[in-house]
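Participant: Below are the chains, spelled out letter by letter.
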Amino acid sequence: MAYILKGETGDWEVVIGLEVHAQVSSQAKLFSGSPTAFGADPNSQVSLVDAAMPGMLPVINKFCVEQAVKTGLGLQAQINLHSVFERKNYFYADLPQGYQISQYLYPVVGEGTVVLDMPDGSAREIGVERLHMEQDAGKSMHDQDPKRSMIDLNRAGVCLMEIVSKPDLRSPEEAGIYVRKIRSILRYLGTCDGNMEQGSMRADVNVSVRHPGEEEYRTRAEIKNVNSVRFIMQTIEVEAERQVDVWESGGEVVQETRQFDANKGETRSMRAKEFAHDYRYFPDPDLLPLDLDQAFVDDLAATLPELPDAKKDRFIEHFGLSAYDAGVLVAEKETADFFEEVAEGRDAKLAVNWLTTNLFGHLNAASKSITESPVSAAQMGELLDLMADDTISTRIAKDVFEEMFETSKSAGAIVAEKGLKQITDTGAIEAAVDQAIADNPGQADEVRGGNDKAIGWFVGQVMKATQGKANPQMVNQLLRDKLKG
Amino acid sequence: MTKLNDLTLVEARDGLAAGAFSAVELTEDCIEAMEAARDLNIFITETPEIARERAGEADARRAKGESLGAMDGIPVAIKDLFCTDGVLTTAASHILDGFHPPYESTITQNLRDAGAVMLGKTNLDEFAMGSSNMTSYYGPVTNAWAGANGEDLVPGGSSGGSVTAVAAHVCPGSLGTDTGGSIRQPASLCGVVGMKPTYGRCSRWGTVAFASSLDQAGPFARTVRDSAILLEAMAGHDPKDTTSAPVDVPDFEAAITGNIQGLKVGIPKEYTLDGMPAEIQALWDQGAEWLKGQGAEIKPVSLPHTKYALPAYYIVAPAEASSNLARYDGVRYGLRVDGDSLDEMYANTRGAGFGAEVRRRVMIGTYVLSAGYYDAYYVKAQQVRTKILDEFKQVFEDVDVLLTPTAPNAAFPIGAKMDDPVAMYLNDIFTVPANMAGLPGISVPAGLDADGLPLGLQIVAKPFDEETMFLAADAIERAAEFTAKPKYLGGQ
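Just so you know, the protein sequences line up as chains A and B, in that order.
Read in order, the letters of the first sequence are residues 1 to 485 in the working numbering.
Read in order, the letters of the second sequence are residues 1 to 492 in the working numbering.
Don't read these hints as lab results, they were simulated from the structure.
Be aware that a few hints might be false.
[Stated by the list, open to error] Result set (DSSO-like, lysine-lysine): computed pairs, CA atoms no more than 30 Å apart in a straight line: (1) A:K88 with B:K387; (2) A:K88 with B:K240; (3) A:K166 with A:K147; (4) A:K62 with A:K139; (5) B:K380 with B:K269; (6) A:K88 with B:K269; (7) A:K139 with B:K387; (8) A:K6 with A:K224; (9) A:K469 with A:K482; (10) A:K166 with A:K62; (11) B:K387 with B:K307; (12) A:K333 with A:K409; (13) B:K240 with A:K62; (14) B:K307 with B:K393; (15) A:K469 with A:K453.
Pulled out of the complex, with its shape left as it was, chain B reads as follows:
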C-alpha cells in the first residue's frame, strides 16, 4: 500500500480534495515516517501533537466545505530558524537554549493561515552558517542518499533537515532559508526541488536573521509545481518588514503552462570552473539541449564579475551576521554563562554558546567592519555587489532566465571539508550571485553522477519573475525525468 507520506504535494492536495483520505491520515503517515527516520537527525523538535491538532482542524473545515485551499491539511517541516509561537526555536545553536518565542514568524503564520500542518522544526547549520549541516549544535543530518559504498553523506546546508525531510519522503514539502545557497545547494545534493524567491518576496519578520540583505525564505518540494504552490502560501507583502516588497503574489502554479516556445535562456560562460567534474558540465550542456528541444532560444552570455561574488559574499554576509548576532548576549533569553563582570559574562556566554563556524564568521564580520578596514573590505564588497547587480540587469535585457549548475559537486561524506572552510565555502559558488543580486533561483534535480548521486540545475530569473523561473524549471524537470530514489525513504 502506498504510504501517504510518499505523495507529492499536488497528489496530497488532490487526494484531500477528493476525499480519498483525511488530513489526519496523511499527517499520521508523515508522523510515522518522521519517527522512522530519526537516525537521519532531520528534526531538532518534533511536534506531532500540533500536527495532529492542525490536521484535525483541517478535516473539520473540509467537512464544513470551508477548505482554506491547496495547503489546507498538508504536513510541512519547518527549518528551525523560523520562530514558532511557544515551540522551541534554536537556530541549531546552543546559545538559544530553551528559547520558546512568544510569537510566530510571518512565513509560518502565512502557512498556518493557509491550513498547513507543522510536523516539527528541522535541523540546520548553526544560524544557517554552513553548506553541510555539520555546524549544527544538534549534530549533522545524514543525507537520504548514501555514497557508492554505502557511506553516510551530508545533505548540504544550511537547510539540511528540511531538504532531507522532503528527500526521505517524511512530508511533501518543507521550509528553508537561503542566504548564499542554503536551499538550492542542498536541493541539488538531495535530488529535490529547492527555490529561493526574489529578495523581498517573503517576509523576514520572525525568522532568525543571518545576513539581513541576503536572507530569503523558500520552499523545498519534490516537484516544481509543488514548490510553486508552497511559495504562493508563504509569499506576500508584510508591513512589519520594511524590505518586503509591496507586490501582489501571482498564481505561480498557473504560470507553469509547459510552453517555453521562444523563451530566451542565457548560459553564463563564467560559471564554467576549472576542475569542475565533467559530469556537471555535461549535465549543464544537456539542460540547455532540453530547453532548446522545447523551443527555447539558448544564448551564451557573460557576467564577468561572477568570480568576485563569492569573496564579496564572504565579506557582506559575515559583516551583517556579526551585528545581527550581537543580540545573543545572555542578558534577555537563551544561554547565559555567568562571569565576574558584564564583559566576562558576554565572553563566557558567547564563547560557549556559539560554535566554531559562527565564531569564525562573527570575527570575520567584525574585522571587515573595523576602523581602517571598512573601506578596503565592506565598501569594496558593496561596490562589487552593485557591479554584479548591474551585470545581471544588463544580461536580463537579452534573456529571460539563466541556466547554470546549482553546485560544483555532489553530496560528500560527513566530516569532509571540515578542516578547509574555503573549500566548504566554494559549495555556494553558483548560488551566491543570485543572493547578491536579490534574484529568484531554483534548483531542479536533473541527473546523477557516476556514484549515483543527484545533481541539480539552477534557473535564475529576473526580480519578481518567479513565474518564468517556474516555467523554465518545469521544462527541465519534464525533460530530465528524474525518478531515482534515495537509499533512505520514509525511514526504510
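Pulled out of the complex, with its shape left as it was, chain A reads as follows:
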C-alpha cells in the first residue's frame, strides 16, 4: 500500500535512496595487514600505513576484492573488470592520510537488483546503482578529556563496501525491508556480518518528497550514518514530514547533509563547515587500477552459496510452503538451515508451524538467536517424529518441548523419563472410557440425546484420568461407539 503523507496542499510521496556501508568480514584491512577485530584497545590495531606515516604505501588486500565481487554477484550486479581507486581529499583528525581511498568514477560493481519480499506476499525490485570499496576512517572521541579530543585509529583503513541503491524506495517500510534484505544477502555470502550494533553496517539515507505523478525528483537531503533499521525507518518518517512542511510553507528544501537525533526524533542540519567539502577526487597514484580477469570472477561465482531468493523459491517448491512462510524462514541463513534440517523427510508444514509458533516465540522471549537455541534441529526433528508415530500427542508434545527448551534434553529422553508415552492399548483406554461413562451418567445421557459437544467433555475426562497419555483419536472413537453406536 502506498505510503502517502497528507499535506494541506495535497498528497505527498516519499522518494528514498540508501547508501549502505557494509564492513567486509576480513582479518586484515583493505590496504594494510592490521587486524580488524571489534572491541580491541584503542590504537592497538594500527600499522604504519594506517597511521599514514611518511613514505607508507597501500597494498590492496585480495581477500577484500573477492568479497566485493562476491557481493556484487549476490546483488545480481554487473562486475566491472576494470575499476580505479581514487583519493577523496578532506581534513579530519581521524583521517590520517588527509584522504580516504575510495572508488569514484570506476567502481568495482555496477548496476544490480535486490528483490524485496513484501508482507502481502508480493515482490518489489529495487535497483542497485553501484557497489564500491573504500577505507573506513578512525574514530574521534570528544568525551574522554575536558579539553582534548582522542583519536582511535583501529577502524582506520578497514574495508567498507558502499552499496548505493537507486531512488526506488517509496516508504520507510520498504527501506527497512531493503536494508534487512541487503543484510541477509551479505550474511548468506559471508562478506559482512551485518552487525549494526558494532557498526559493521550503517546507512546514509537520501530522502525527498513530491506529489504523486510528478516526473522529476525534488531536492533531497542526506541523513548520514544511521545505524539501525528502526532508526532508518524513523529518520525517513520525520525527514519526509519536515520536507512536506517546508514545501507547504512556501519554502525550498535545500540539498544538505543532516543528522538524525534518535532522542529527539528529528533530523537537523549539520553545520555547513562540516560538509562543504570539495573532495578533489583523483586516481590514487600509489595504486594501479584494479584489473580483474573474467576467470577470477567466474571462479568466485562458482563458489557462491544458495542465496535467499533461490532458497525461498526452493522452499516453496520442495516443501510446499507459502511465500510468506518461506520468506520468514530464509531471511536468516541459520534459520533456513535449521528449518531445512527439521523439515527434510518430515511434514514440512508441521515443521514450519512448530518453529514459528513455538521455537521462535521461545527464542524471542529468551533473547536468543537461532544459533543459541537450546533445542537443536535434530532434537526438534525427533519431537516431530514422536508425534508422527503417535508416541506422544500434540498436547504432550508441547509440554515436552517446554522441557526440552529448559534442559536441552532430547524429546525421547523426556518422554521416557516422565512416562509420557501415549496409551494406544485399546483395552486400557476402553477401561478408562467405561469408567468415565459410569461415573457421569447425566452427561452420558446428554450425549445420547444428541449433544455432541458433551463428547469433548468426556474426552477431557478420559485424558485427565490417563494424565494426557491416551490417544485422543482413539478416546473419541470409543466414546462415540459406546454412547452413540
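Take the given structure of chain A and dock chain B to it, following the hints.
Facilitator: Okay, now just chain B, sitting in the frame of chain A:
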C-alpha cells in the same frame, strides 16, 4: 697522500677487496671530509657513529671472507627524504621537526643489506620541491664549484646535499630522488653522474612522497660505472610498493662493454630552446659527434609534445603533492602549532611548518583538482602525459637512446631566480619529460661553460633498459674526459 674519500666507488671497492685499506679507514676519511665540508651545508644530520659501526661490521665480514659484495663497506650519503630507522628524517621541512621514523625505507634497507655505510642525511629542497636547494628549512647548500669571481653558487636541486657530497669528494656515492629532474639537473650543475631509473625500478616504500607517479630514487656517483653499481644495490621489486615493477635486476656494470657500434641515438629537435646558451648547443652537438665517432648512428627525431611536458608536470606534480602532504597535519607526528579549534590547529601547523614553495605547490595542486577546474587542468595534463608517452614509444621504435642536454644552464648564484618561480621551474625543462613517461635518464658531465662551470649531457632510454642507457653514458664519459675539479674538494 691520497685521501680515501677521493676514490671512486670502483677504486674503493677494489681497494677494500685487495685489502689495501679497511672500510673503517675509508669511512674515517669520509667522516673527516664531511666535517671539513660543513660550510657547504651538505648534511642535515651527520651519522658518524652509525658509519663507524657499519664500517666495522663490513671489515669483520670481510675478515671472515663473508663480504656482501661491491657495496660492502662503501660510505654513502642519503638524501634526507629516505626514512631511516631511528635517525631524524626531515625532508628539509620544519613540519617534520623531531621525526624519527621507526622504520627503514626499502632503498636504504637494500643498501644496508649490501653492506653500505650511511654517513648521514643530506640537505635538499623542502619535500624535494625546488631546483636550487634554496627552499630547504635548513638553509641552502653551497655548490662545490664556485663562480668565475668566486661567488657561491647553488648546486641545483632538489638533491643538493647528495650531489655536493659526491662533487666535493665527501664520499664516492650518494642517494637522491628525481621527480622532475632532482638528480639529473644537480648532477649537471655539479659535474657528477646522476641517474633516474625507470619508474618502478626502485621501491618508493619509506621514501617521503612528493609526487607518487613521478618519484624515483637514484644514485649520484663520479663515474657511470659507479652509478651502475649503486643502482644495482638499490633496485628490485618490492611487494610493499604496488607500483614497483616485478622485474629482475640485471648486472648493470656488465652492460658497460665500451662497444656502441650500431647504437641508434636519437636527437630530439624540440630540445633546442630559444635563448639557450650557445655553449650548451655546442656541447650537445659535440656529444653526438663523440657517439658517432664510436660507431653509433645519429638520427634526428621529433617529440612534438615536448613543450607541453613542463606545464603538464606543474599540474600533475603539485596535484599529487597537495594530497600527499595532507598527512602533515600536526595530529600524529612532527610539528604541531596549537589552535582554538581543529581547523585552526591545521592552519597554524601547516602555515608554520611548510615553506613558501611547498605552500605554493599545495595551493596549485589543490586548485587544479578542485571542482570546475579538474577537467581543464588535471585531466588535460594527464592527456598530455599520455601523448608524451606515446611519442616516446614511437621514437623508441627507431632509436635505442636519446641524447639531450640535461639542463638549460650551468649553476647560478645562490639567491638567483628566487623571485621568479617560473624561471626556476625552467631548469627542469629537459629532465621532466623522462619523469612524465617513466623513462630512465642519466646526466654525464661533458664539458665546462665559459665560466669554467660543468655542463651535463643526458641519455634517456627505453623503460627498463638502463643497461643501454649506461652503455651510451659510458661512451660519452670516455669521450668527454671530464677531469675538471670543483673549488671545494673534501672541504679544502
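Participant: It remains to establish, for every hint, whether it holds in the given structure.
Facilitator: Status of the hints after comparison with the structure:
no.: 1; hint: A:K88 with B:K387; in the structure: 27 Å, holds
no.: 2; hint: A:K88 with B:K240; in the structure: 22 Å, holds
no.: 3; hint: A:K166 with A:K147; in the structure: 43 Å, violated
no.: 4; hint: A:K62 with A:K139; in the structure: 25 Å, holds
no.: 5; hint: B:K380 with B:K269; in the structure: 24 Å, holds
no.: 6; hint: A:K88 with B:K269; in the structure: 41 Å, violated
no.: 7; hint: A:K139 with B:K387; in the structure: 43 Å, violated
no.: 8; hint: A:K6 with A:K224; in the structure: 26 Å, holds
no.: 9; hint: A:K469 with A:K482; in the structure: 20 Å, holds
no.: 10; hint: A:K166 with A:K62; in the structure: 28 Å, holds
no.: 11; hint: B:K387 with B:K307; in the structure: 12 Å, holds
no.: 12; hint: A:K333 with A:K409; in the structure: 25 Å, holds
no.: 13; hint: B:K240 with A:K62; in the structure: 14 Å, holds
no.: 14; hint: B:K307 with B:K393; in the structure: 17 Å, holds
no.: 15; hint: A:K469 with A:K453; in the structure: 22 Å, holds
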